[in-house]
Amino acid sequence: MQDLLQQLLNGLSQGSIYALIAVGYTMIYGIIQLINFAHGDVIMVGAYVALGAALMGFGFIPSLLMAMIACAILGVVIERVAYRKVRPVSRLAALTSAIGVSLFLEYIMMYFLGADIRTYPPGILVGRTYSLGGVLITNKDLLVLGTTLVLVVILQYIIFRTRTGKAMRAVSYDGQAAQLMGVNVNNTVAITFFIGSAMAAAAGILYGIYFNSVQPLMGLMPGLKAFIAAVLGGIGSIPGAMLGGILLGMTESLVAGFGGSMYRDAVAFIILILILLIKPTGLLGKGVQEKV
Amino acid sequence: MGGVAPLLQLDDLHVHYGAIWALKGINLTVGEGEIVSLIGANGAGKSTTLRAISGVVTASSGRICFHEEDITKVPAHDIVKKGIAQVPEGRRVFANLSVLENLEMGAYIRRDTKGIKQDLEDVLDRFPRLRERIGQVAGTLSGGEQQMLAIGRALMTRPKLMLLDEPSMGLAPLLVKEIFSIIEEINREGTTILLVEQNARMALQIADRAYVLETGRIVLDGPAKELARQEEVKKAYLGG
Numbered sequence: 022m023q024d025l026l027q028q029l030l031n032g033l034s035q036g037s038i039y040a041l042i043a044v045g046y047t048m049i050y051g052i053i054q055l056i057n058f059a060h061g062d063v064i065m066v067g068a069y070v071a072l073g074a075a076l077m078g079f080g081f082i083p084s085l086l087m088a089m090i091a092c093a094i095l096g097v098v099i100e101r102v103a104y105r106k107v108r109p110v111s112r113l114a115a116l117t118s119a120i121g122v123s124l125f126l127e128y129i130m131m132y133f134l135g136a137d138i139r140t141y142p143p144g145i146l147v148g149r150t151y152s153l154g155g156v157l158i159t160n161k162d163l164l165v166l167g168t169t170l171v172l173v174v175i176l177q178y179i180i181f182r183t184r185t186g187k188a189m190r191a192v193s194y195d196g197q198a199a200q201l202m203g204v205n206v207n208n209t210v211a212i213t214f215f216i217g218s219a220m221a222a223a224a225g226i227l228y229g230i231y232f233n234s235v236q237p238l239m240g241l242m243p244g245l246k247a248f249i250a251a252v253l254g255g256i257g258s259i260p261g262a263m264l265g266g267i268l269l270g271m272t273e274s275l276v277a278g279f280g281g282s283m284y285r286d287a288v289a290f291i292i293l294i295l296i297l298l299i300k301p302t303g304l305l306g307k308g309v310q311e312k313v
Numbered sequence: 045m046g047g048v049a050p051l052l053q054l055d056d057l058h059v060h061y062g063a064i065w066a067l068k069g070i071n072l073t074v075g076e077g078e079i080v081s082l083i084g085a086n087g088a089g090k091s092t093t094l095r096a097i098s099g100v101v102t103a104s105s106g107r108i109c110f111h112e113e114d115i116t117k118v119p120a121h122d123i124v125k126k127g128i129a130q131v132p133e134g135r136r137v138f139a140n141l142s143v144l145e146n147l148e149m150g151a152y153i154r155r156d157t158k159g160i161k162q163d164l165e166d167v168l169d170r171f172p173r174l175r176e177r178i179g180q181v182a183g184t185l186s187g188g189e190q191q192m193l194a195i196g197r198a199l200m201t202r203p204k205l206m207l208l209d210e211p212s213m214g215l216a217p218l219l220v221k222e223i224f225s226i227i228e229e230i231n232r233e234g235t236t237i238l239l240v241e242q243n244a245r246m247a248l249q250i251a252d253r254a255y256v257l258e259t260g261r262i263v264l265d266g267p268a269k270e271l272a273r274q275e276e277v278k279k280a281y282l283g284g
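Chains A and B, in that order, are what the protein sequence lines are. In terms of the working numbering, the first sequence has 114 at position 93, counting the first letter as 1, and numbering is strictly consecutive. In terms of the working numbering, the second sequence has 263 at position 219, counting the first letter as 1, and numbering is strictly consecutive.
Calculated from the structure, these hints are not laboratory results. Where is the CB? At the ideal position from N, CA and C, for every residue including glycine. Be aware that one or more of the hints could be misleading.
[Stated by the list, open to error] For lysine to aspartate or glutamate, the following DMTMM-like pairs were computed, each having C-alpha atoms within a straight-line distance of at most 25 Å: (1) B:LYS125 to A:ASP195; (2) A:LYS307 to B:GLU145; (3) B:LYS117 to A:ASP195.
[To be verified] To list a few chain B residues with every Cβ distance to chain A over 12 Å, as calculated: (4) GLU113; (5) LEU164; (6) ARG175; (7) GLY183; (8) THR235; (9) THR259.
[To be verified] Stretches of chain A that chain B covers, calculated by requiring three or more beta carbons in the stretch to come under 8 Å of a beta carbon on chain B: (10) 179 to 189; (11) 204 to 217.
Between the sequences and the hints, there should be enough to build the whole structure, so can you do that?
As structure tokens, this is what we get:
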């Protein structure tokens, strides 16, 4: 029982990191129907920016904010340079462009910073462990859960309570109709990249701290997993992305905890295939809405 | 219109969709306060004309003037700020947003909180059924309610000119009547109307003037009552 709770807690932490990443995937997909394959690498860039800040002596929150701002801008630049022109031409071209951006980010980081695994200076978070009825909670877990919770609440507020959020939802349903209301679709897409990439940066620093490693290819696996989480939850749906992320994190943790760490990733992908076979639109996906 | 410049004027407007030549030199005017109808068969270019005015498609040549200002190259999201609202074909309400949010999207370009509130009340008074469903997601509305929402959303932009694209499409005859009387009412209150309709009978009934389009060209135009009496119009568009 204790073991189970422990694994669920670990899963929750890891799952919330996936959720943060998945939210960005799903927002960007929702608005321009593009799987932004560079999204995982934005995580990595975020982790490096935060690493730089931490090495200069900044604490967690300033490092987090710097990483988020840097990546938000990076996200907007990626959209402007690599996607905007090809997007209207063909989805496949945009997807290919995204893969190109992904490789570019990975290898440019490798070129300038090397492929070595780096770690955050211990000052960013002094490790502590608390015991709660035999279940061990580290302050890393608390940091991950707390940060995720705050960001998700802010995100929900932006999307459901602000004028910009309303425009984002309108564009994601029907860009042309939104234009007729005076919404500048290109700007709205840019804002979506801004927010989604900031979320990815936060996931990057959390991932780096949680697994104590930062390296140029670190975004690949969590990026792929978060993509699975987003599809699992129903791509385009923000609550779906969160649910998918947490479910995936917990499943992985349970599989790993009960003797199957070798199969952890395999299980994640099998789940994806099964869910898609049964419910192709994902858990909270609505499918294609009928437009009368 | 003797000397007064029309509210909207299209000069020799051409539109291409790739290799398809959709509009082949459209000349058309809409005077302030008028209801003008465009009628014609499927694919004649009626919708394309409206879409060119609202900036959703770009003209390959020709000019669109509104209030004597050339708006041919103005992007769609800025056209609405000039005072032109489009109620698109198929209504295109935001099915994922609530009725209230859809109406608020209509006021997206506006900052006058008080005026927005007032207009919202006016729209809800005009369409009591929308008030009943204010919190409901627009995708759950019936076709007629969606059409009302689409018109209400356009009214929220506070337009001088409203472009309506097939507002009667897919609606029961009684609802069509209701929608048309609402359009007349909106017009009486001072909004100029440019109406595209397959239902030529209704369109000619409420219009001051009309244009008949055939394969991207205007083939007839004149006062709506006169057009409705012409043999060729009767035969082609009014079912004999």
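Here's how the hints hold up against the structure:
1. B:LYS125 to A:ASP195: holds (19 Å)
2. A:LYS307 to B:GLU145: OK: LYS307 (chain A) and GLU145 (chain B) at ~20 Å, within 25 Å.
3. B:LYS117 to A:ASP195: holds (22 Å)
4. GLU113: With a cut-off of 12 Å, GLU113 (chain B) remains clear of chain A, as the shortest Cβ separation is near 17 Å.
5. LEU164: holds (14 Å)
6. ARG175: holds (20 Å)
7. GLY183: violated (6 Å)
8. THR235: holds (16 Å)
9. THR259: Holds: least Cβ distance 24 Å, greater than 12 Å.
10. 179 to 189: holds (count 3)
11. 204 to 217: The restraint on the stretch 204 to 217 of chain A holds, since 3 of its residues have a Cβ under 8 Å from chain B and three suffice.
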